[in-house]
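S.K.: Here is how the chains run, residue by residue.
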Amino acid sequence: MPYYINTFNRKYKAISANCAWPRIELGSTPRGIACPGPITELVKAYRSAKNGDVIEVLATDPGFKPDVEAWVKRTGNQLLEFRQEGGTYIAVIKVTAKK
Amino acid sequence: MKKRVVIIGGGAGGAIAANRLPLEEFDVTVIDSQPYHYYWPWLLYIAFKGSRRPMKAEIRSLLRPGVNFIQARAEAVDLANRRVQLEGGKAVEYDYLIAATGSGPNYSVIGGLDKAVEKYGDYHSTEANAWRVWDTINKLKGGTFAVIVGGDPYRCPPSPLEGVFLAEEFFRSRGLRDRVRVLFASPYPRPYPAEPMNEVVEPLLKERGIEYVTFFTLDHIDDEKKVAVSMEGEELKYDALVVIPPHAGADIKYSPPDVLTQDRFVQADKYTNNIKGFDDAFVIGDASAVPVAKTGVTAHLQATVVVKRILGEDARNTGRTNCPFDLGYGLGTFVISDFENPVVKLPPSRFSHLAKMAFAAAYWDMIKYPELWDPIIDAYFEATRPAKLRRFYG
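Residue numbers (numbering that gives the first Met the number 0), protein chains in the order written: chain A, 0 to 98; chain B, 0 to 393.
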């Protein structure tokens with residue numbers, strides 16, 4: 000399940016494994032598969048993001064859509080876009096809710 | 000001449016690798032900054048059961064005769080020149096390197112966390128801090144006991160909820176359950192991030208009246224007001240709290256520096272554990288940035304693969320996890336998965352709990368005598384392959 004997270008000043012390429020736990024990998028081509036990872040990595044990027052930053056998360060897990068929608072609803076950040084390109088789900092989130 | 004294998008770190012991964020390399024072919028040296036090997040899962044039982052069972056042993060006593068041990072801090076690893084720089088100016092050269100340097104809490108990520116740990120303790124750092132948790136729960140006679148996941152990564156994926164379940168059991172056994180509210184908060188969508196395992200634990204949380212808050216990204220702790228504050232400004236009131244701290248890799252410089260991630264984990268191939276770009280250097284266990292759980296099982300299995308690779312075999316990791324998960328009241332389960340299979344929905348049982356305890360009892364023996372335990376461990380992993388278990392448990 001490859002997915003990327005982009006913020007303004009950083010570009011993450013992240014993978015998650017089919018495991019109890021996902022992990023981030025900088026640089027190389029994304030590879031890897033299935034895990035509850037995208038939200039975990041989103042949260043990691045969110046921690047260092049500022050209001051106004053845009054985070055883009057790519058995932059191949061269809062379960063990502065309800066998770067990211069619930070995250071946005073709960074945290075009060077903005078989901079600018081959710082689209083599907085082939086087998087990839089892309090969420091574009093604007094950070095607006097940070098205190 | 001014998002090839003020199005240098006292993007940094009005498010924990011589970013390092014000691015297992017050291018005890019498996021044939022000494023007639025290799026000159027094996029283990030380096031650690033301090034003399035002890037810790038069985039980290041036991042912090043949980045100090046924190047919530049007040050267990051006095053020893054959780055550390057001298058590294059020297061766990062290594063086979065003939066394996067060298069150097070007690071010194073490794074300061075830098077020069078991958079191109081195959082050198083490990085030690086404190087005090089000494090250096091060790093190697094033909095093969097195994098970095099097994101673990102991970103530890105990084106309190107600086109969350110405001111006020113260092114002070115909170117000093118006051119209430121935690122169970123992901125030291126014995127002293129785990130004893131502080133035991134004091135904290137013994138002193139608490141009413142109010143809210145909160146366990147909060149501070150962020151990824153941390154050792155042992157099930158550990159936050161294990162603490163929650165054991166705390167609830169503790170307060171109930173003391174007759175305080177109607178006065179102490181047990182609260183769990185995590186930044187993720189579900190109490191347990193992997194859905195199949197969540198289907199096992201979420202009903203247990205409800206059944207036991209444990210409250211939980213999801214999507215809570217901890218920003219800072221205000222202990223004057225006794226609130227944990229999220230990044231969106233949401234406040235959780237507590238009377239005592241234990242935070243699972245986000246971890247970082249060991250403070251060792253690498254050359255080239257781009258093998259490290261921002262939080263100092265070493266990037267490697269997930270199948271071979273080769274450090275990115277080097278076929279004579281490996282990183283195993285918590286220290287690596289590969290996408291697998293940070294647990295002793297991972298370190299153990301990766302150590303086995305790396306030893307085989309050094310011996311010339313084309314061994315590869317399967318990504319197998321096997322995290323024991325204490326659910327309180329003598330129940331347990333295991334988080335079992337691999338690169339090809341998602342987490343198995345293994346129902347709670349007394350057997351799983353007993354298996355966890357039996358493993359803990361045999362732990363030191365397993366480290367010391369791999370030739371004795373390997374067949375048993377191999378048989379266990381074969382019998383519990385996720386692809387096989389999924390046929391029963393989905």
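Hints in this document: simulated from the structure, not taken from any laboratory.
Among the hints, a few may not be true.
Computed list of lysine-lysine pairs in DSS-like fashion (alpha-carbon distance at most 27 Å, straight line) [unchecked claim]:
#, chain 1, residue 1, chain 2, residue 2
1, B, Lys140, B, Lys89
2, B, Lys236, A, Lys98
3, B, Lys138, A, Lys97
4, A, Lys49, B, Lys225
5, B, Lys275, B, Lys89
6, B, Lys236, B, Lys224
7, A, Lys98, B, Lys252
8, B, Lys138, B, Lys89
9, B, Lys205, B, Lys252
10, B, Lys118, B, Lys1
11, B, Lys236, B, Lys225
12, A, Lys64, A, Lys93
13, A, Lys64, B, Lys140
14, B, Lys114, B, Lys236
15, A, Lys49, A, Lys64
16, B, Lys367, B, Lys1
17, A, Lys72, B, Lys252
18, B, Lys138, B, Lys118
19, B, Lys355, B, Lys55
20, B, Lys307, B, Lys118
21, A, Lys49, B, Lys1
22, A, Lys98, B, Lys225
23, B, Lys55, B, Lys118
24, B, Lys224, A, Lys98
25, B, Lys344, A, Lys64
26, B, Lys344, B, Lys355
27, A, Lys49, A, Lys93
28, B, Lys236, A, Lys97
29, B, Lys224, B, Lys2
30, B, Lys275, B, Lys48
31, A, Lys72, B, Lys236
32, A, Lys49, B, Lys205
33, A, Lys49, B, Lys236
34, B, Lys48, B, Lys236
35, B, Lys205, A, Lys97
36, B, Lys252, B, Lys224
37, A, Lys98, A, Lys72
38, B, Lys344, B, Lys2
39, B, Lys307, B, Lys205
40, B, Lys224, A, Lys97
None of the values given here were measured: they were computed from a predicted structure.
S.K.: Indicate, hint by hint, whether the structure satisfies it.
M.R.: Hints, verified against the model:
no., hint, verdict
1, B:Lys140 - B:Lys89, "violated (54 Å)"
2, B:Lys236 - A:Lys98, "holds (18 Å)"
3, B:Lys138 - A:Lys97, "violated (35 Å)"
4, A:Lys49 - B:Lys225, "holds (26 Å)"
5, B:Lys275 - B:Lys89, "holds (26 Å)"
6, B:Lys236 - B:Lys224, "holds (8 Å)"
7, A:Lys98 - B:Lys252, "violated (35 Å)"
8, B:Lys138 - B:Lys89, "violated (48 Å)"
9, B:Lys205 - B:Lys252, "violated (46 Å)"
10, B:Lys118 - B:Lys1, "violated (51 Å)"
11, B:Lys236 - B:Lys225, "holds (6 Å)"
12, A:Lys64 - A:Lys93, "holds (16 Å)"
13, A:Lys64 - B:Lys140, "violated (42 Å)"
14, B:Lys114 - B:Lys236, "holds (17 Å)"
15, A:Lys49 - A:Lys64, "holds (23 Å)"
16, B:Lys367 - B:Lys1, "holds (23 Å)"
17, A:Lys72 - B:Lys252, "violated (41 Å)"
18, B:Lys138 - B:Lys118, "holds (12 Å)"
19, B:Lys355 - B:Lys55, "holds (18 Å)"
20, B:Lys307 - B:Lys118, "violated (46 Å)"
21, A:Lys49 - B:Lys1, "violated (54 Å)"
22, A:Lys98 - B:Lys225, "holds (18 Å)"
23, B:Lys55 - B:Lys118, "holds (24 Å)"
24, B:Lys224 - A:Lys98, "holds (18 Å)"
25, B:Lys344 - A:Lys64, "holds (22 Å)"
26, B:Lys344 - B:Lys355, "holds (17 Å)"
27, A:Lys49 - A:Lys93, "holds (10 Å)"
28, B:Lys236 - A:Lys97, "holds (19 Å)"
29, B:Lys224 - B:Lys2, "violated (59 Å)"
30, B:Lys275 - B:Lys48, "violated (42 Å)"
31, A:Lys72 - B:Lys236, "holds (22 Å)"
32, A:Lys49 - B:Lys205, "violated (35 Å)"
33, A:Lys49 - B:Lys236, "holds (25 Å)"
34, B:Lys48 - B:Lys236, "holds (25 Å)"
35, B:Lys205 - A:Lys97, "violated (30 Å)"
36, B:Lys252 - B:Lys224, "violated (40 Å)"
37, A:Lys98 - A:Lys72, "holds (16 Å)"
38, B:Lys344 - B:Lys2, "violated (45 Å)"
39, B:Lys307 - B:Lys205, "violated (46 Å)"
40, B:Lys224 - A:Lys97, "holds (20 Å)"
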